[in-house]
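K.L.:
Fit chains B and C to the supplied structure of chain A, relying on the hints for placement.
Heads up: the protein sequence lines correspond to chains A, B and C, in order.
Be aware that the first sequence starts at 68, since it is given in the numbering used here, and climbs by one per residue.
Be aware that the second sequence starts at 68, since it is given in the numbering used here, and climbs by one per residue.
Be aware that the third sequence starts at 68, since it is given in the numbering used here, and climbs by one per residue.
Everything labelled a hint here was simulated from the structure, so no lab data went into it.
Just so it is clear, CB atoms sit at the ideal spot from N, CA and C, and this is done for glycine as well.
Just to be clear, a hint being listed does not mean it is correct.
Chain A is faced by these chain B residues, among others (derived, beta-carbon under 7 Å) [claimed, not checked]:
(1) Pro166
(2) Ala188
(3) Gly193
(4) Ala195
Okay, here's what each chain looks like letter by letter:
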Amino acid sequence: MKLDIELPPAPSAAGSYQLAKRHKDLVFLSGHGPIEGGNLITGKVGADLTLEQGVHAAHVTGLNLLATLKAEFDDLENVVSVLKLLGMVNVAPGFDQIPAVINGCSDLFVEVFGHKIGRHARSAVGMAELPFGMAVEIEAVVAVR
Amino acid sequence: MKLDIELPPAPSAAGSYQLAKRHKDLVFLSGHGPIEGGNLITGKVGADLTLEQGVHAAHVTGLNLLATLKAEFDDLENVVSVLKLLGMVNVAPGFDQIPAVINGCSDLFVEVFGHKIGRHARSAVGMAELPFGMAVEIEAVVAVR
Amino acid sequence: MKLDIELPPAPSAAGSYQLAKRHKDLVFLSGHGPIEGGNLITGKVGADLTLEQGVHAAHVTGLNLLATLKAEFDDLENVVSVLKLLGMVNVAPGFDQIPAVINGCSDLFVEVFGHKIGRHARSAVGMAELPFGMAVEIEAVVAVR
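Okay, chain A solo, but in the shape it has when bound (with noise of 0.2 Å):
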């Protein structure tokens, strides 16, 4: 486990929602993009990006759902169970590789929080468009304590 990581700011929602709905022990995040360095990593996996660069993409905005968990619960040893992640791979045609790429995030889930904690199920699927062209886009149910 790896809960010391160091995280980028909590992003904000970018429409009329919140990146995180409770209820009960279970919490909704929103789907999340790859923010680094306050720059969005936009384009599509296949074209204008590599598959190492989606990978990356996937791993930062892993980066940034443990970043509005972490600034939602205070620390992320509240964090009891990953569920189920939903990752969606902006794609050019015929890119099919997406679950390589969304392993980025997943890989990181598991680092950090270990394998009992962290590892998931997940759906990993391409998508014809995200929001402002960001390259991958990765939503989270998990449980709290």
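P.N.:
Frame of chain A; chains B and C shown alone:
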């Protein structure tokens, strides 16, 4: 709060499913579309429809979701929290103002339920195709009394 | 009910995730694909595959979801309610008979579990690309004993 809002007739399912399924206090609402005056608003936002027409389609989809909630739970007062939306826009290539479109539904929910209950987590994404060419499809998870 | 249905071997994950994660009585099932006789059914519905072949792919995906449930929870009798499906079809441009495709899975769940347990909320949408070119990907949320 505006729980007495006038709603369209509750829609019917377009396949072998039901519009809502409850488990304890959680309700999963199926993907709903923009049915207005008995007709489905179709077309790709950014080509067949303008941004403004897309926002309207998302607003209308929100009214349909509310109509299902009211039909299932008798009274919108039984909604305790809108937890999560997945807002899917039928996009023309290159259209990425997706959050602005889905605000048409999110703003409605805040107007109807107030900020505390109505404001939610959300993902907004651009789809290659939606059923019957509908412009917007939105699903939701809500908590009820 | 047809809980003794013959199922394919449980699939394995295509990345850094697991096929199902449980929290209390909720189970999140990862996006599954149409593996039949050890091979993945690939192609875009509406071009490479007909509607009928798409329906079959969704049925096969449903069998894979059931195989995971049986492997994880020992017996399909432990499923108390199928709550929600997200059915994603790898579509050719202009193909919008998406609900008919996903009925291939929804009908199977009603056949296996009966109406009360098996009938669910659902979204059915058309994707730009799916992992490895698979024709259909379906994820689910179920409640278990």
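K.L.:
Each hint: holds or not?
P.N.:
Here's how the hints hold up against the structure:
Using the Cβ-Cβ criterion of 7 Å, the hint placing proline 166(B) at the interface with chain A is satisfied: the shortest such distance is roughly 4 Å. For alanine 188(B), the interface hint holds, the least distance from its beta-carbon to any beta-carbon of chain A being 4 Å, beneath 7 Å. At its closest, the beta carbon of glycine 193(B) sits 3 Å from a beta carbon of chain A; the interface hint therefore holds under the 7 Å criterion. Checking alanine 195(B) against chain A: minimum C-beta separation of about 4 Å stays under 7 Å; hint holds.
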